[in-house]
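*Asks:* Below, each chain spelled out in residue letters.
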Amino acid sequence: ETGVTQTPRHLVMGMTNKKSLKCEQHLGHNAMYWYKQSAKKPLELMFVYSLEERVENNSVPSRFSPECPNSSHLFLHLHTLQPEDSALYLCASSQEGAGVLGNEQFFGPGTRLTVL
Amino acid sequence: TQLLEQSPQFLSIQEGENLTVYCNSSSVFSSLQWYRQEPGEGPVLLVTVVTGGEVKKLKRLTFQFGDARKDSSLHITAAQPGDTGLYLCAGGWGNNRLAFGKGNQVVVIP
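Protein sequence lines, in the order shown, are assigned to chains A and B.
Take the first sequence: its letter number 38 is residue 38 in this note's numbering, and every next letter is one higher.
Take the second sequence: its letter number 50 is residue 50 in this note's numbering, and every next letter is one higher.
In short, the hints are calculated from the structure, not lab data.
Among the hints, erroneous ones may be present.
Mimicking PhoX-like on lysine-lysine, the simulated pairs with C-alpha atoms at most 20 Å apart in a straight line are [said to hold, decoys possible]: (1) 56/B / 36/A; (2) 59/B / 70/B; (3) 102/B / 40/A; (4) 22/A / 36/A; (5) 41/A / 102/B; (6) 41/A / 19/A; (7) 41/A / 18/A; (8) 70/B / 102/B.
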């Protein structure tokens, strides 16, 4: 596997379900991100992990719970979601401390989430 | 909050034509990235520009960073159907954070 992988690619869940999204990066990076992409909106940054510590949480509802067990893996645990949470969830990674090149983020293919 | 406005939002052209799309902001960025995203996939990084006035070429794609590092343009020469996609610009700021525009949807008709 190369780059950034995400599973599952598609997920349909009811509002009472609990599910998890998984992301794995094979680039040796030290920072990982969760973004939400909705139609006709800019990508919204949800969480940032740097060296496995959560350094940013952009007012995301508690029904989204991230986990970063090591620098290569990132999870997003979902529970009691709402229909408006339906979106493409993207994971990205980058190398912090690399100057402006640290701004280069590499994305996975995303998980298309539908909440019924 | 850093805001990036991309224009036009949607552009449809015939194969072989040229096109230019724009990314504008009132904020100064330390760098600017362009990504291309195809349906059902994540954004793929095309280029990073860092210096004001910088021009980079990637085959038929030419990227320019504005002198004041607030805006950027992407020009495609002799567009091909494979150029179809959503082009996203992202400005770098703070501690390796990116602010994204809504994108330029480009459709190249064979």
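*Asks:* Hints first: check each against the structure and report whether it holds.
*Replies:* Comparing the hints with the structure gives:
1. 56/B / 36/A: The given pair, whose Cα atoms are some 29 Å apart, is violated under the 20 Å limit.
2. 59/B / 70/B: 24 Å, violated
3. 102/B / 40/A: Cα-Cα ~6 Å, so holds.
4. 22/A / 36/A: Measuring from Cα to Cα gives roughly 14 Å; hence the hint holds.
5. 41/A / 102/B: Satisfied, since the Cα-Cα distance of roughly 5 Å is no more than 20 Å.
6. 41/A / 19/A: Given that 20 Å is the threshold and the Cα spacing comes to 25 Å, the pair is violated.
7. 41/A / 18/A: 26 Å, violated
8. 70/B / 102/B: Holds, at about 16 Å.
Hints 1, 2, 6, 7 from the earlier list are contradicted by this structure; the remaining hints agree with it.
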